[in-house]
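A.B. asks: Just so you know, the sequences run in chain order A and B.
Anchor point for the first sequence: position 93 equals 93 in full-length UniProt numbering, and the numbering is continuous, going up by one each time.
Anchor point for the second sequence: position 190 equals 190 in full-length UniProt numbering, and the numbering is continuous, going up by one each time.
Rather than coming from a laboratory, the hints here were simulated on the basis of the structure.
Every residue, glycine too, gets a C-beta built ideally from N, C-alpha and C.
It cannot be assumed that every hint is accurate.
[To be verified] If we take Cβ atoms under 8 Å as the criterion, some of the chain A residues that face chain B in the derived model are:
#	residue
1	Leu72
2	Pro74
3	Gln75
4	Phe83
5	Gly85
6	His91
7	Ala104
8	Arg122
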Amino acid sequence: MTLRADLHLTLGEFTLDLAFSAPEGEVLAVVGQNGAGKSTVLAAIAGLIPLQRGEIVLDGHLLERVATGIRLPPQARRVGVLFQGLALFEHLSALDNVAYGLRARGLDKRSARARAHTWLERFGIDELAQRRPRELSGGQAQRVALARALICEPQALLLDEPLVALDAQTRLEVREVLRETLGAFAGVSLLVTHELDDAVALADHLLVLDAGKLAQEGSPEQVIRAPATAHLRAMLSARRTGSTPDPGT
Amino acid sequence: MTTTRTPKPATAPKLDPKSRGQGWGHYPLFALAFVGLALFVLPLLGLVVRAPLTKLGALFTTPALLEALRLSLVVSLAAVTLSLILGLPCAWVLARYRFPGRGLVRALLTLPMVLPPVVAGVALLATFGRRGLFGPAIEWLGVDLAFSTTGAVLAATFVAAPFLILSCEAALENVDPRLEAAAATLGASRLRILWTVTLPTIRPSLLAGLSLCWARALGEFGATITFAGNFQGRTQTMPLAVYETLQSDHDGALLLSLILLAVSLTILIALRGELRR
Numbered sequence: 001m002t003l004r005a006d007l008h009l010t011l012g013e014f015t016l017d018l019a020f021s022a023p024e025g026e027v028l029a030v031v032g033q034n035g036a037g038k039s040t041v042l043a044a045i046a047g048l049i050p051l052q053r054g055e056i057v058l059d060g061h062l063l064e065r066v067a068t069g070i071r072l073p074p075q076a077r078r079v080g081v082l083f084q085g086l087a088l089f090e091h092l093s094a095l096d097n098v099a100y101g102l103r104a105r106g107l108d109k110r111s112a113r114a115r116a117h118t119w120l121e122r123f124g125i126d127e128l129a130q131r132r133p134r135e136l137s138g139g140q141a142q143r144v145a146l147a148r149a150l151i152c153e154p155q156a157l158l159l160d161e162p163l164v165a166l167d168a169q170t171r172l173e174v175r176e177v178l179r180e181t182l183g184a185f186a187g188v189s190l191l192v193t194h195e196l197d198d199a200v201a202l203a204d205h206l207l208v209l210d211a212g213k214l215a216q217e218g219s220p221e222q223v224i225r226a227p228a229t230a231h232l233r234a235m236l237s238a239r240r241t242g243s244t245p246d247p248g249t
Numbered sequence: 001m002t003t004t005r006t007p008k009p010a011t012a013p014k015l016d017p018k019s020r021g022q023g024w025g026h027y028p029l030f031a032l033a034f035v036g037l038a039l040f041v042l043p044l045l046g047l048v049v050r051a052p053l054t055k056l057g058a059l060f061t062t063p064a065l066l067e068a069l070r071l072s073l074v075v076s077l078a079a080v081t082l083s084l085i086l087g088l089p090c091a092w093v094l095a096r097y098r099f100p101g102r103g104l105v106r107a108l109l110t111l112p113m114v115l116p117p118v119v120a121g122v123a124l125l126a127t128f129g130r131r132g133l134f135g136p137a138i139e140w141l142g143v144d145l146a147f148s149t150t151g152a153v154l155a156a157t158f159v160a161a162p163f164l165i166l167s168c169e170a171a172l173e174n175v176d177p178r179l180e181a182a183a184a185t186l187g188a189s190r191l192r193i194l195w196t197v198t199l200p201t202i203r204p205s206l207l208a209g210l211s212l213c214w215a216r217a218l219g220e221f222g223a224t225i226t227f228a229g230n231f232q233g234r235t236q237t238m239p240l241a242v243y244e245t246l247q248s249d250h251d252g253a254l255l256l257s258l259i260l261l262a263v264s265l266t267i268l269i270a271l272r273g274e275l276r277r
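Produce the entire structure from the sequences given, and follow the hints as far as they go.
C.D. replies: What follows is the structure, encoded as structure tokens:
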């Protein structure tokens with residue numbers, strides 16, 4: 001289940017030029033400051049923004065190739081997305097949020113809900129099945145969103161700033177959940193974050209994005225040893241002087 | 001897991017907006033507000049006080065009234081349905097697409113809200129009437145729009161649909177695009193996304209728009225009497241019946257008005273919870 005992407009597109013002033021590939025089971029983190037184009041990378045792979053040049057191949061299946069005019073819609077991509085802010089459906093219970101993908105793919109309500117229950121159990125929150133998203137804590141909502149994305153057994157999991165807007169305690173809790181979930185996930189995981197800490201804690205391989213271009217690539221250790229952008233250096237020096245423990249080791 | 005998802009940053013205490021209106025320093029405004037309130041409330045009071053409630057029972061056995069009441073319900077509900085079928089796609093296009101002339105289209109769609117209803121009636125007559133622009137074509141089709149119940153529905157739709165369109169357009173524009181994107185990555189078709197994500201998300205605005213649309217259609221007078229005429233059992237809805245009854249039977253008109261007031265209040269109260277959400 002490898003992912004190979006060669007992404008080129010222009011949106012107004014912003015241009016994205018990024019090529020990378022990831023073997024199955026690998027957790028890849030795209031790091032960069034706001035506006036570097038991180039979310040655009042995920043949107044392109046999910047099929048939410050069309051490429052202007054390049055291609056995306058997932059597990060040997062061609063998802064998009066501009067040269068031959070092939071472009072699968074998001075519905076046909078088998079890509080799970082954890083959106084920034086989670087984008088849970090407020091009018092549905094936690095259970096029906098998780099069951100949504102199965103229902104959309106034609107499974108009957110009863111079987112879909114039964115499988116959603118097993119996923120909630122797996123995340124230890126089955127007792128919250130009937131709650132609405134707004135009645136969940138940050139950590140609980142994150143688990144529901146992960147279960148919703150994973151229940152359709154995607155070949156790639158895309159996570160957009162999964163740790164942003166969480167308070168310090170929830171953040172550590174969610175990071176642990178993510179570490180376990182990504183470790184157990186067989187496909188490729190692509191994580192977008194502006195926090196180097198989170199990337200180091202969760203990813204096997206880092207892509208440093210700066211103004212839509214690849215500034216650096218390597219293992220977390222390599223990037224920490226020789227950070228290529230001013231943004232990374234600022235974050236690293238803040239980390240050394242600050243009290244944040246090093247979660248990467 | 002007792003933490004909240006959006007921790008509140010520590011900020012300086014804010015002035016409570018509710019406390020700023022206190023004190024009597026603004027008494028001229030207060031006096032004007034009181035006069036304003038009186039202007040809106042007194043007529044309703046007058047209507048309730050002067051209506052001969054003892055005759056209410058007798059009125060409900062009058063065939064003409066029952067006919068008008070039935071027709072009002074049929075016409076207004078048909079107008080709301082037509083507004084939904086045609087208005088929701090209009091709101092969708094306005095909210096989700098950017099095209100040249102969008103501002104103009106939006107203005108044209110909301111014009112009936114500010115247009116004098118009698119002008120709307122004359123315009124409908126000039127277009128769909130027997131001697132109107134499309135009169136011969138419509139006659140050839142075998143339908144009779146002017147001076148028919150269908151015409152009354154068309155007139156009510158013309159003036160009422162904009163309330164639904166405006167309310168839904170604003171709501172559709174504000175739907176978080178990530179919700180629909182999430183549904184798409186989960187495999188939902190466009191139609192399924194609309195039905196299971198978009199419409200439930202705009203539900204409060206949709207219901208508010210529907211109730212305003214219904215209230216407007218129920219009260220429609222000017223466009224209806226101009227385009228559809230005042231024929232008992234065919235186009236004479238409640239407001240038209242009130243107007244006609246007033247010429248001969250003052251008490252009857254008061255009672256009919258009271259019934260319409262009760263219907264409007266019921267709509268408002270029934271949707272109170274939904275409107276506030």
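A.B. asks: Hint by hint, say whether it matches the structure.
C.D. replies: Verification of the hints:
With a least beta-carbon distance of about 12 Å to chain B, the hint placing Leu72/A at the interface is violated under the 8 Å criterion. Annotation: Pro74/A was flagged as interfacial toward chain B, and the flag holds, the nearest CB pair being 4 Å apart, inside 8 Å. Hint status for Gln75/A: holds, given a least beta-carbon distance of 5 Å to chain B, under 8 Å. Interface restraint check for Phe83/A: the shortest CB-CB distance to chain B comes to about 5 Å, inside 8 Å, so the restraint holds.
Nearest Cβ of chain B to the Cβ of Gly85/A: about 7 Å, under the 8 Å cut. The hint holds. Taking 8 Å as the C-beta contact cut-off toward chain B, the hint placing His91/A at the interface holds, the least distance being around 4 Å. With 8 Å as the threshold, the beta carbon of Ala104/A comes within range of chain B, its nearest partner Cβ sitting at about 4 Å, so the hint holds. Hint status for Arg122/A relative to chain B: violated, with the closest Cβ pair at about 16 Å, above 8 Å.
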